[in-house]
Structures are given as structure tokens and as C-alpha cells.
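Produce the entire structure from the sequences given, and follow the hints as far as they go.
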Amino acid sequence: MFSPDDIKARVRVQPFHPFRIVTSAGQTFDVYHPDLVLIGRRDLIVGRASTEDAETYE
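Heads up: the sequence shown begins at 1 in the numbering used here, then just goes up one per residue.
Calculated from the structure, these hints are not laboratory results. Just so we're clear, the structure is a prediction, and the values are computed from it rather than from any experiment. The C-beta atom is built at its ideal place from N, Cα and C for all residues, glycine as well. Hints should not be assumed to be uniformly reliable.
[Said to hold, decoys possible] Just the calculated beta-carbon pair ranges, DEER-fashion:
hint, residue 1, residue 2, range
1, Met-1, Glu-52, 26 to 36 Å
2, Met-1, Thr-51, 14 to 24 Å
3, Glu-52, Ser-3, 30 to 40 Å
4, Glu-52, Asp-5, 28 to 38 Å
Structure below.
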């Protein structure tokens, strides 16, 4: 299990490298842009990038 600080560290790496989050249920979420991740204490929101603008989620 990763803590919010672990996820923040991955999102802040410069230059940014896309990464995949795999849940305990086996779901996968690909993070392609650091602005599309909202990190909470007990949850995480990963937006799917818009086809028109990679920094905006659908």
C-alpha cells in the first residue's frame, strides 16, 4: 500500500514519467499527466485526459 506522500513523490518527479496505479482489486489506472491526479488522505482521483487538452480531464 502506498501513502499519500508516496503518490505525491511520484507525481512531482521531474521530468514527469507516466506511471500505473494497480488497486488491491486488480484495477489499473494510468497517470499520464501530474495535473490529473487529486490526492486525498484515504482516496485518490485519477482523471482521464481529454483528447483536446492533455492537462484537462474528461
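Status of each hint after checking the structure:
no., hint, in the structure
1, Met-1 - Glu-52: 26 to 36 Å, "holds (35 Å)"
2, Met-1 - Thr-51: 14 to 24 Å, "violated (33 Å)"
3, Glu-52 - Ser-3: 30 to 40 Å, "holds (34 Å)"
4, Glu-52 - Asp-5: 28 to 38 Å, "holds (32 Å)"
Hint 2 from the earlier list is the only one contradicted by this structure; the remaining hints agree with it.
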